[in-house]
Amino acid sequence: MSLSSIGIIFGVSIVAGTLGALLGLGGGIIIIPALTLLLGVDIRYAIGASVVSVIATSSGAAATYIRDRITNVRIGMFLEMATTTGAILGAYLSGLIHTRYLYFIFALVLGYSTLALFRRRNVELVSDATPHPLAWKFKLWGSYYDSALQQEIKYISSGVPPGFLVMLGAGVLSGLLGIGSGAFKVLAMDMFMKLPMKVSTATSNFMIGVTAAASAGIYFSHGYINPAIAGPVALGVVLGTIIGTRLMVRLRNATLRKIFLPVLLYISLEMLLKGLRG
1 MSLSSIGIIF
11 GVSIVAGTLG
21 ALLGLGGGII
31 IIPALTLLLG
41 VDIRYAIGAS
51 VVSVIATSSG
61 AAATYIRDRI
71 TNVRIGMFLE
81 MATTTGAILG
91 AYLSGLIHTR
101 YLYFIFALVL
111 GYSTLALFRR
121 RNVELVSDAT
131 PHPLAWKFKL
141 WGSYYDSALQ
151 QEIKYISSGV
161 PPGFLVMLGA
171 GVLSGLLGIG
181 SGAFKVLAMD
191 MFMKLPMKVS
201 TATSNFMIGV
211 TAAASAGIYF
221 SHGYINPAIA
231 GPVALGVVLG
241 TIIGTRLMVR
251 LRNATLRKIF
261 LPVLLYISLE
271 MLLKGLRG
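Going by this note's numbering, 38 is the number at position 38 of the sequence shown; the sequence numbering is gapless.
Don't take every hint at face value.
[Said to hold, decoys possible] Below are the EDC-like pairs computed for lysine to aspartate or glutamate, each with C-alpha atoms no more than 16 Å apart in a straight line:
1) 154 / 124
2) 154 / 68
3) 258 / 124
Bear in mind the hints are in silico, worked out from the structure with no lab data behind them.
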């Protein structure tokens with residue numbers, strides 16, 4: 001691989017790491033198209049590099065967000081039960097359902113979510129959320145100091161059952177289609193559980209790392225993690241993560257939501273196109 005190609009991979013990975021840390025998404029939505037379309041990398045090696053990028057993003061961002069008490073580990077582990085169950089179910093159903101219809105279904109879901117999120121784009125903190133009884137039972141609450149607002153923010157989960165179901169769907173999506181589901185994780189916490197956007201993205205960062213670490217061994221055993229590709233990706237993503245974490249603490253929740261909107265729209269359109277091609 002030429003030095004120019006490595007430079008492109010490194011630059012793209014910085015952008016992916018920055019967005020990943022900001023929005024709680026895996027870098028795959030940027031890295032995979034860049035590697036396959038710009039550089040002609042085999043999709044299997046692109047996915048392997050993407051898995052590495054997710055682990056790098058999660059590891060780098062999680063340490064900062066946990067230190068700043070933005071990540072809610074209890075909520076993350078509670079929802080991880082739904083994601084893991086969904087992934088197992090998705091893997092089981094993968095041979096029974098045509099992926100074309102799945103892409104259509106998830107494109108519609110994401111399209112609706114994009115519209116709903118657009119209506120809430122200027123909401124900084126939810127003030128009318130009603131705590132769910134399960135939130136009290138499982139202690140799904142927390143607090144963090146918001147540097148942008150210069151105050152301590154306290155929150156408690158609302159809409160726990162629908163949030164849990166969306167997480168289950170996110171796991172099914174990962175198991176069936178073999179793609180990341182960070183967008184669904186953020187949506188579940190922000191839209192249904194009414195958590196602050198910063199908490200949603202930070203907790204999603206923590207969760208996607210757990211999922212990616214589980215699958216990394218499989219890609220490595222099959223030889224799909226090429227050091228010449230994964231190395232620059234990991235370095236670029238780590239640098240981007242440092243930038244992203246420093247930006248995130250300075251931004252408002254509403255600003256993060258506005259940055260998240262075009263990314264969500266892009267993912268929904270991409271899934272729709274995959275369904276049409278299927």
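Evaluated hints:
1. Using a Cα cut-off of 16 Å, the hinted pair residue 154 and residue 124 holds, with the two alpha carbons roughly 13 Å apart.
2. Of the supplied pair hints, the one linking residue 154 and residue 68 holds, its CA atoms being roughly 14 Å apart against a limit of 16 Å.
3. Our distance criterion of 16 Å between C-alpha atoms is met by residue 258 and residue 124, whose separation comes to about 11 Å.
Hint check: no violations occur; every hint is consistent with the structure.
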